[in-house]
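Asker: Residues per chain are reported as follows:
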Amino acid sequence: QKEVEQDPGPLSVPEGAIVSLNCTYSNSAFQYFMWYRQYSRKGPELLMYTYSSGNKEDGRFTAQVDKSSKYISLFIRDSQPSDSATYLCAMSGKDTGRRALTFGSGTRLQVQP
Amino acid sequence: EAGVAQSPRYKIIEKRQSVAFWCNPISGHATLYWYQQILGQGPKLLIQFQNNGVVDDSQLPKDRFSAERLKGVDSTLKIQPAKLEDSAVYLCASSLASGTGELFFGEGSRLTVL
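So the sequences go chain by chain: D and Z. Mapped onto our numbering, the consecutive letters of the first sequence carry residue numbers 66 to 178. Mapped onto our numbering, the consecutive letters of the second sequence carry residue numbers 79 to 192.
So that you can see chain D by itself, here it is in the shape it has in the complex (with noise of 0.2 Å):
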């Protein structure tokens, strides 16, 4: 069993809608939750940034954690064009020296014009 488990897509959905991305995960040492979005060859760029359980809201965007099931969303409202891209959840422990982060494989969104 990986780590981390995301649905790869890919999800297509007309401009406008609202845009659900989830991953769970089985490590509870996990403290540190995070979504990036990289754009077809470029590398991953940080979206939204979540510490522990709770909710975080940034413009259109919300981060969702809830650690008592291992599950993390990302909801995207009125979706943009601009949106298509790939989303990666991430995330890691408490340990500041080991920051680095595990990665989801990764969901594929278009959203269509």
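Hints in this document: simulated from the structure, not taken from any laboratory. Careful: at least some of the hints might be erroneous.
Using 25 Å as the maximum straight-line C-alpha spacing, the simulated BS3-like pairs for lysine-lysine come out as follows [to be verified]:
hint: 1; chain 1: Z; residue 1: Lys122; chain 2: D; residue 2: Lys135
hint: 2; chain 1: Z; residue 1: Lys161; chain 2: Z; residue 2: Lys122
hint: 3; chain 1: Z; residue 1: Lys161; chain 2: Z; residue 2: Lys140
hint: 4; chain 1: Z; residue 1: Lys93; chain 2: Z; residue 2: Lys149
hint: 5; chain 1: Z; residue 1: Lys89; chain 2: Z; residue 2: Lys140
hint: 6; chain 1: Z; residue 1: Lys122; chain 2: D; residue 2: Lys107
hint: 7; chain 1: Z; residue 1: Lys89; chain 2: Z; residue 2: Lys122
hint: 8; chain 1: Z; residue 1: Lys122; chain 2: Z; residue 2: Lys93
hint: 9; chain 1: D; residue 1: Lys67; chain 2: D; residue 2: Lys135
hint: 10; chain 1: Z; residue 1: Lys161; chain 2: Z; residue 2: Lys89
hint: 11; chain 1: Z; residue 1: Lys93; chain 2: Z; residue 2: Lys156
hint: 12; chain 1: D; residue 1: Lys67; chain 2: Z; residue 2: Lys93
hint: 13; chain 1: D; residue 1: Lys132; chain 2: D; residue 2: Lys121
hint: 14; chain 1: D; residue 1: Lys132; chain 2: D; residue 2: Lys67
hint: 15; chain 1: Z; residue 1: Lys161; chain 2: Z; residue 2: Lys149
hint: 16; chain 1: Z; residue 1: Lys156; chain 2: Z; residue 2: Lys89
hint: 17; chain 1: D; residue 1: Lys67; chain 2: Z; residue 2: Lys122
hint: 18; chain 1: Z; residue 1: Lys89; chain 2: D; residue 2: Lys107
hint: 19; chain 1: Z; residue 1: Lys122; chain 2: Z; residue 2: Lys156
hint: 20; chain 1: Z; residue 1: Lys93; chain 2: Z; residue 2: Lys140
hint: 21; chain 1: Z; residue 1: Lys122; chain 2: D; residue 2: Lys132
hint: 22; chain 1: Z; residue 1: Lys122; chain 2: Z; residue 2: Lys140
hint: 23; chain 1: D; residue 1: Lys107; chain 2: Z; residue 2: Lys156
hint: 24; chain 1: D; residue 1: Lys135; chain 2: Z; residue 2: Lys161
Here are a few chain D residues that sit away from chain Z, every Cβ distance over 10 Å (derived from the structure) [what the hints assert, rightly or not]:
hint: 25; residue: Asn92
hint: 26; residue: Phe140
hint: 27; residue: Leu166
Residues on chain D that point at chain Z, a partial pick, calculated with CB under 7 Å [stated by the list, open to error]:
hint: 28; residue: Lys121
hint: 29; residue: Leu153
hint: 30; residue: Ala165
hint: 31; residue: Phe168
hint: 32; residue: Gly169
hint: 33; residue: Ser170
hint: 34; residue: Gly171
This structure is a prediction, so every number in the text was calculated from the model and none was measured. From the three backbone atoms N, C-alpha and C, an ideal C-beta is built for every residue, glycine too.
Take the given structure of chain D and dock chain Z to it, following the hints.
Answerer: Then chain Z, alone, in the frame of chain D:
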């Protein structure tokens, strides 16, 4: 602020040949990472440096991969000899030693092994 720089962006080699990738992290970032991203998969950590010391290289195939970070700044990742399954994008990332642990990635070096 300049981002993480990587070179070359693309490299095509024959199997059993060698290749080297270079990374220059963001100024002041003590921690440097090399990740391997195979097509359709998420990045997988190969090695993590803190300044010029290795923190984690447990997933580095040491029989063919090597990495160094001289003077705690630039880093080089080498593959010798390359195998077909090494075809991937090699991503370099850096972060502050403390803080949230946000990683800043370069654009990657795409390797094709024929």
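Asker: A separate judgement is required for each hint: does it hold in the structure or not?
Answerer: Evaluation of the provided hints:
1. Z:Lys122 <-> D:Lys135: holds (20 Å)
2. Z:Lys161 <-> Z:Lys122: holds (17 Å)
3. Z:Lys161 <-> Z:Lys140: holds (13 Å)
4. Z:Lys93 <-> Z:Lys149: violated (31 Å)
5. Z:Lys89 <-> Z:Lys140: holds (21 Å)
6. Z:Lys122 <-> D:Lys107: holds (16 Å)
7. Z:Lys89 <-> Z:Lys122: With Cα atoms ~20 Å apart, Lys89 (chain Z) and Lys122 (chain Z) stay inside 25 Å; holds.
8. Z:Lys122 <-> Z:Lys93: It holds: about 22 Å lies between the C-alpha atoms, which stays within 25 Å.
9. D:Lys67 <-> D:Lys135: holds (13 Å)
10. Z:Lys161 <-> Z:Lys89: holds (14 Å)
11. Z:Lys93 <-> Z:Lys156: Holds - the C-alpha atoms of Lys156 (chain Z) and Lys93 (chain Z) are around 14 Å apart, at most 25 Å.
12. D:Lys67 <-> Z:Lys93: violated (29 Å)
13. D:Lys132 <-> D:Lys121: With Cα atoms ~14 Å apart, Lys132 (chain D) and Lys121 (chain D) stay inside 25 Å; holds.
14. D:Lys132 <-> D:Lys67: holds (17 Å)
15. Z:Lys161 <-> Z:Lys149: violated (30 Å)
16. Z:Lys156 <-> Z:Lys89: Status holds; Cα separation ~13 Å.
17. D:Lys67 <-> Z:Lys122: holds (12 Å)
18. Z:Lys89 <-> D:Lys107: This hinted pair holds, its Cα atoms lying about 16 Å apart.
19. Z:Lys122 <-> Z:Lys156: Cα-Cα ~16 Å, so holds.
20. Z:Lys93 <-> Z:Lys140: holds (17 Å)
21. Z:Lys122 <-> D:Lys132: With a Cα-Cα distance of about 23 Å, the restraint between Lys122 (chain Z) and Lys132 (chain D) holds, given a limit of 25 Å.
22. Z:Lys122 <-> Z:Lys140: holds (15 Å)
23. D:Lys107 <-> Z:Lys156: It holds: about 21 Å lies between the C-alpha atoms, which stays within 25 Å.
24. D:Lys135 <-> Z:Lys161: Not OK: Lys135 (chain D) and Lys161 (chain Z) at ~36 Å, beyond 25 Å, violated.
25. Asn92: Non-interface label stands for Asn92 (chain D): nearest chain Z Cβ at 14 Å, farther than 10 Å.
26. Phe140: Phe140 (chain D) clear of chain Z: closest Cβ-Cβ about 20 Å, beyond 10 Å.
27. Leu166: violated (6 Å)
28. Lys121: Result: violated, 12 Å to nearest chain Z Cβ.
29. Leu153: holds (5 Å)
30. Ala165: Hint on Ala165 (chain D): holds, closest Cβ of chain Z at ~5 Å, below 7 Å.
31. Phe168: holds (3 Å)
32. Gly169: holds (5 Å)
33. Ser170: holds (5 Å)
34. Gly171: holds (5 Å)
Going down the numbered hints, you'll see the structure goes against 4, 12, 15, 24, 27 and 28, while the others check out.
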